[in-house]
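Student: Sequence:
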Amino acid sequence: MGSTKFGNFEDFCRDTTLPVCNVLSKTHNQDGDWGGCKLRGITLPGEDRYLGNLGSIMLAGVAIAVAIFLILKSERKRAAVGRREMQVFLVGYLLVSIAEIFSIGEFPLNDQVRVVFSAIHIGAIAATTWLLFINGIVGYQLMDDGTILSLALTIGSALAWLIGVGYIALDTGYQWTTQWQGSLEPPNRSIALYVTYLLLPLVWVVFYVVLELVLVIKVLGETRPLLFLGAAALSFAVGQIFNFVVSPYICNGTTGAIDGSLFQTFFTLISVALVWFFWSSITEDDWPMPPPQYP
54 MGSTKFGNFE DFCRDTTLPV CNVLSKTHNQ DGDWGGCKLR GITLPGEDRY LGNLGSIMLA
114 GVAIAVAIFL ILKSERKRAA VGRREMQVFL VGYLLVSIAE IFSIGEFPLN DQVRVVFSAI
174 HIGAIAATTW LLFINGIVGY QLMDDGTILS LALTIGSALA WLIGVGYIAL DTGYQWTTQW
234 QGSLEPPNRS IALYVTYLLL PLVWVVFYVV LELVLVIKVL GETRPLLFLG AAALSFAVGQ
294 IFNFVVSPYI CNGTTGAIDG SLFQTFFTLI SVALVWFFWS SITEDDWPMP PPQYP
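Per our numbering, the sequence shown runs over residues 54 to 348.
Among the hints, a few may not be true.
[Stated by the list, open to error] List of simulated lysine to aspartate or glutamate pairs, DMTMM-like, C-alpha gap at most 25 angstroms:
| hint | residue 1 | residue 2 |
| --- | --- | --- |
| 1 | K130 | D197 |
| 2 | K58 | D84 |
| 3 | K79 | D64 |
| 4 | K126 | E275 |
| 5 | K126 | D224 |
| 6 | K271 | D198 |
| 7 | K79 | E63 |
| 8 | K91 | E238 |
| 9 | K79 | D164 |
| 10 | K271 | D197 |
| 11 | K79 | E238 |
| 12 | K130 | D198 |
| 13 | K126 | E238 |
| 14 | K130 | E275 |
| 15 | K58 | D86 |
| 16 | K58 | D224 |
| 17 | K79 | D224 |
| 18 | K91 | D64 |
| 19 | K58 | E238 |
| 20 | K91 | E63 |
| 21 | K91 | D164 |
[To be verified] Label pairs and their computed distance ranges (CB to CB):
| hint | residue 1 | residue 2 | range |
| --- | --- | --- | --- |
| 22 | L273 | I121 | 25 to 33 angstroms |
| 23 | V115 | L266 | 26 to 34 angstroms |
| 24 | R93 | V115 | 17 to 25 angstroms |
| 25 | P301 | A132 | 47 to 55 angstroms |
| 26 | T96 | E275 | 38 to 46 angstroms |
| 27 | L255 | E275 | 21 to 29 angstroms |
| 28 | V166 | L195 | 39 to 47 angstroms |
| 29 | T96 | E238 | 47 to 55 angstroms |
| 30 | A290 | M196 | 28 to 36 angstroms |
| 31 | Y220 | V272 | 15 to 23 angstroms |
| 32 | Q228 | I270 | 30 to 38 angstroms |
Hints in this document: simulated from the structure, not taken from any laboratory. Beta carbons are placed, not taken as given, at the ideal position from N, Cα and C, and that holds for glycine.
Go ahead and model the full structure; you've got the sequences and the hints to work with.
Tutor: Here is the structure:
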């Protein structure tokens, strides 16, 4: 791995705003040896104090409200397959949005506190994308949904991701052990976070889309829900492009006022809402059913 860029975060942290950069920075904020455009946002009273990423903070607040609304809306669909599991996924997204306000929101926080919120944010992303994958499996009814066993496996596995990945982030930031020693130095290599925070969440999202494609086409024999699923996948992809590709151009073009993380937050919100509408559309009781057979 030494001759490749696999596991390196230096370029990512140079070009955009990510919670992992707070963990890998020696000052535990978005400033580091990677350089690039600095997201300044709004200047606050005092020396070198600012509120960066105000747009992301506001959109994260909207995301919190939307997640709560969809959780309550899901409660009314009592006959829907995977209702509880969908609510658990939305709780995960709610946690991501809350942590995002204090991790990439660029509040003037204590450095140690920012690392905690960043670790929660990173762990919540890993757990929530895993929950999305679980929701894709639930539709196949391999076990009864909404039961104690199903919820225990769903919540238990998500907590394992949240705590496990969150601990890796905390240990990396605070250097409690020597396990990830050197991650705070260029090129900021952390194979563990690279895999659990960047690669596996993408894998879970892709697996979810594939599982739902098979479910809708092969099992339900419908095409209408694919509009929601396709739009959700497209919105998610656009958000990632803004965050990882377009972000430095936005930051430089606005002199550090905003960057691609603002659009990533927006398009992720749209994607989550569309996932809910997709789930709602395939759990309605209006699919064609064969007529009853009488003796």
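Student: It remains to establish, for every hint, whether it holds in the given structure.
Tutor: How the hints compare with the structure:
1. K130 <-> D197: holds (16 angstroms)
2. K58 <-> D84: Given pair K58, D84 holds - Cα atoms ~21 angstroms apart, limit 25 angstroms.
3. K79 <-> D64: Between K79 and D64 the Cα gap is close to 16 angstroms, so the pair holds against 25 angstroms.
4. K126 <-> E275: holds (24 angstroms)
5. K126 <-> D224: violated (38 angstroms)
6. K271 <-> D198: holds (20 angstroms)
7. K79 <-> E63: holds (13 angstroms)
8. K91 <-> E238: holds (19 angstroms)
9. K79 <-> D164: holds (10 angstroms)
10. K271 <-> D197: holds (21 angstroms)
11. K79 <-> E238: Status holds; Cα separation ~8 angstroms.
12. K130 <-> D198: holds (14 angstroms)
13. K126 <-> E238: violated (47 angstroms)
14. K130 <-> E275: Distance of about 20 angstroms is within 25 angstroms: holds.
15. K58 <-> D86: holds (16 angstroms)
16. K58 <-> D224: With Cα atoms ~22 angstroms apart, K58 and D224 stay inside 25 angstroms; holds.
17. K79 <-> D224: holds (13 angstroms)
18. K91 <-> D64: holds (14 angstroms)
19. K58 <-> E238: Given pair K58, E238 holds - Cα atoms ~14 angstroms apart, limit 25 angstroms.
20. K91 <-> E63: Between K91 and E63 the Cα gap is close to 14 angstroms, so the pair holds against 25 angstroms.
21. K91 <-> D164: Roughly 18 angstroms separates the two Cα atoms, so the pair holds.
22. L273 <-> I121: 25 to 33 angstroms: holds (29 angstroms)
23. V115 <-> L266: 26 to 34 angstroms: Between V115 and L266, where Cβ atoms are some 29 angstroms apart, the hint holds.
24. R93 <-> V115: 17 to 25 angstroms: 23 angstroms Cβ-Cβ, so the 17 to 25 angstroms window holds.
25. P301 <-> A132: 47 to 55 angstroms: holds (48 angstroms)
26. T96 <-> E275: 38 to 46 angstroms: Given a distance of about 53 angstroms, which is not inside 38 to 46 angstroms, the answer is violated.
27. L255 <-> E275: 21 to 29 angstroms: holds (27 angstroms)
28. V166 <-> L195: 39 to 47 angstroms: Since the Cβ atoms of V166 and L195 sit about 42 angstroms apart, the hinted range of 39 to 47 angstroms holds.
29. T96 <-> E238: 47 to 55 angstroms: Cβ of T96 to Cβ of E238: about 31 angstroms, so the range 47 to 55 angstroms is violated.
30. A290 <-> M196: 28 to 36 angstroms: Since A290 and M196 have Cβ atoms about 31 angstroms apart, the given range 28 to 36 angstroms holds.
31. Y220 <-> V272: 15 to 23 angstroms: violated (39 angstroms)
32. Q228 <-> I270: 30 to 38 angstroms: violated (49 angstroms)
Figure legend: structure checked against the earlier numbered hints; hints not met, in rising order: 5, 13, 26, 29, 31, 32.
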